[in-house]
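Asks: Build out the structure end to end from the sequences listed, making use of the hints.
Each chain is listed here by its residues.
Number of protein chains: 2
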Amino acid sequence: MWETKESKIIYNGKVVKLRIDYLGDGENKVREVIQHPGAVAILPLISEDKVILVNQYRYPIGRWILEVPAGTLKEGESPEECALRELEEEVGYKARRLKKMLTIYPSPGYSTEVIHIYLASGLEKSTQRLEEDEQITIVELGLDEAIKELSRNGEVDGKTFITLLYYKYVYRRS
Amino acid sequence: MWETKESKIIYNGKVVKLRIDYLGDGENKVREVIQHPGAVAILPLISEDKVILVNQYRYPIGRWILEVPAGTLKEGESPEECALRELEEEVGYKARRLKKMLTIYPSPGYSTEVIHIYLASGLEKSTQRLEEDEQITIVELGLDEAIKELSRNGEVDGKTFITLLYYKYVYRRS
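So the protein lines, in turn, are chains A and B. Be aware that the first sequence starts at 1, since it is given in my numbering, and climbs by one per residue. Be aware that the second sequence starts at 1, since it is given in my numbering, and climbs by one per residue.
Worth double-checking, as some hints may not be accurate.
If several chains are the same, the list does not tell them apart, and a pair holds so long as it fits within one copy or across any two.
What the hints assert, rightly or not - No more than 25 Å apart at the CA atoms, straight line, and that leaves these computed lysine-lysine pairs for BS3-like:
{"id": "1", "residue 1": "K74", "residue 2": "K29"}
{"id": "2", "residue 1": "K168", "residue 2": "K100"}
{"id": "3", "residue 1": "K17", "residue 2": "K5"}
{"id": "4", "residue 1": "K168", "residue 2": "K148"}
{"id": "5", "residue 1": "K14", "residue 2": "K74"}
{"id": "6", "residue 1": "K14", "residue 2": "K29"}
{"id": "7", "residue 1": "K50", "residue 2": "K168"}
{"id": "8", "residue 1": "K29", "residue 2": "K17"}
By construction, these hints were calculated from the structure, which means they are not laboratory data.
Replies: Next comes the structure, spelled out in structure tokens:
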């Protein structure tokens, strides 16, 4: 039923690759797929109850939004390497401990993207190195305070809210 | 800094529209944006502690995954109308009560997509009407059971897990 008869790359960009698959004849047999290299998100713990988030301008939605540090996998990079690199580049910390918490599919209806979510602890100050097009402010917040702030606001980054809720209510209790 | 100088639609498909924006000269001034009409997700409550989920084949990730009922906004449709329509079409229920819980951005780095999340209660049996390309199995689960199952599995649909965790740990307690 989902056998791919033909596959075409329509656009191969810096972030986005668009692929069209044909499963047979007819309009209902076309599948538009965003091919994504995968990503990581990191919850950096300063203490048991205090986390580091980033306030970041996101061009597609035209606004600043509070997020866990995150980034896209580079070619040949493992999710763990990517998590440690992004934590240092974006937030300016090295982590002595990194634990996998969860894997999420943010948009499985049209994108292959998968986000690997890590807990980082044993933090040591290093040097932040932002990319030219990144606009980021670092925010240290209590875990409860962060959840309260996102709940109050009501418009949230998906991976960030899931990371905070999962860490507090499931991961830490298990 | 983020003034759009030029904008091109590269692909205008059934689900995905790909737009390239130029903010100036140079590689770092290109923005690839997936234009998405927006979506809804619904948590249908059978009772205080029992929910309806759907097991759905998602072509981009090549697997079946447990999700809250969800769908994409049609032109001119409000999120509330879309939520009621999708609940009836996908799950075969009408809802007497619909409450907005949360809005999430699943992939703000490259997509405009926003998902409006609703709680549906006062359910009445109606008739399921699946689209030709939808493969869906309906699952009734206890709320705790659903959270446990997703936590155990560790690879989850983002909007689904955030909906379950938010409802249980934030929304219902407020």
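Asks: Taking the hints in turn, state whether each one holds.
Replies: Evaluated hints:
no.	hint	result
1	K74 x K29	between (32 Å within a copy, 20 Å between copies)
2	K168 x K100	both (15 Å within a copy, 23 Å between copies)
3	K17 x K5	both (19 Å within a copy, 23 Å between copies)
4	K168 x K148	both (12 Å within a copy, 15 Å between copies)
5	K14 x K74	within (11 Å within a copy, 30 Å between copies)
6	K14 x K29	between (28 Å within a copy, 11 Å between copies)
7	K50 x K168	both (11 Å within a copy, 23 Å between copies)
8	K29 x K17	both (20 Å within a copy, 18 Å between copies)
The structure fails none of the hints (numbered hints given earlier).
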